[in-house]
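Counting with our numbering, you get residues 57 to 426 for the letters of the sequence shown.
Everything labelled a hint here was simulated from the structure, so no lab data went into it.
Zero decoy hints are in this set.
Below, in silico cross-link-like pairs of lysine to aspartate or glutamate (EDC-like), each with a Cα-Cα straight-line distance of 20 Å or less:
#: 1; residue 1: Lys384; residue 2: Glu163
#: 2; residue 1: Lys426; residue 2: Glu359
#: 3; residue 1: Lys173; residue 2: Glu202
#: 4; residue 1: Lys303; residue 2: Asp64
#: 5; residue 1: Lys244; residue 2: Asp70
#: 6; residue 1: Lys225; residue 2: Asp104
#: 7; residue 1: Lys173; residue 2: Asp196
#: 8; residue 1: Lys225; residue 2: Glu337
#: 9; residue 1: Lys156; residue 2: Asp134
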Amino acid sequence: MRNVGMLDLQAESDLFRSDIRSAIERVLDHQRFIGGPEVEQLEGTMADVCGRKFAIAVSSGTDALLAAMMTMGIGRGDEVITTPFTFFATAGCIHRTGAKPVFVDIEPDTFNIDPSKLTAAMTERTRLIIPVHLFGQCADMERIGEVAGRQPGLSVLTDAAQAIGASRKGQPACSLGFATTLSFYPTKNLGGFGEGGMVLTDDDEFAQRCRMCRNHGETSRYHHEFVGGNFRLDTMKSAILLAKLVKLQEFNAARRRNAARYGELLADLPVQPPVIRPENESVYHQYSILCDDRDGLMAHLRECGVGCGIYYPVPLHLQECFKDLGYKAGDFPASEEAARRILALPIQPMLSDEDLQHVAGCIREYYTSK
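Produce the complete structure using the sequences and hints provided.
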């Protein structure tokens, strides 16, 4: 039986093995495991890649969100708008600051937050909007920015954890909004050897305070202006990310080719492939289809040796930990429909055309046998 996995981290790592070992040896030679030169080098390189003035390396994508909001002064009494259809960290970090998460439904085709619904969710306490570039496609940042601009003191922090290398109207995804956060979790398009993240911005003061925030709010050794956290990205992980960064564009191009091939292979099947807006270039962190009898198809694919997954099975407004927010089933129908029908297929860059044909063939087999 042919096995087609959602990820092949071993095959990816084999491409970098020599460079990664050299990077590790350099760090072992200089022994600066925290705050070594590779951290600053990674920040400078990522700022250039992402079209930003400043990049602040931090310990995870979750900590990037948390550090950014702490630096902005988001806290108790504030409201932060985001999508209920995303990874938990986006809303979880809002809660951790003491602010209230406020959810706005998604566009049913792109799965990104619906800008037309933002105004109705805003109050005088709204301090921040966090759109998520879900699955590698940019949200409609122009309309989001227009809405945010109507209310003084309202900023846009973009969660681009799944969208490094994506673009909108020719602009890098990470250059959009007041600040942007990234994740280098091993499964991401640029994945590290462990946790890692980054905050990007063009604002000098915000960047300076965010650097302080990642190091307990320290201004100089043992002097602290405010309470931050230990959000540092260590030197070894930074060195490894630098070694892997050279393949990012190539890997993203492979994901786009795989997506285009899926479009051909699935065209006559009763599934809805991802809808990518013409002004967007996606990096297909996930290739998520909508389908009927999703759970039956998923079971069949796994029997065929095809990896697949549900991102995300329970919208955030229906999570037990957020029940006190007062949301109920039916409040965000597009998010709830997506959660019922969505299924992610393998899209990782190491796939062959034979792999893609096998996945599509198994889907065809399932629906023609019903």
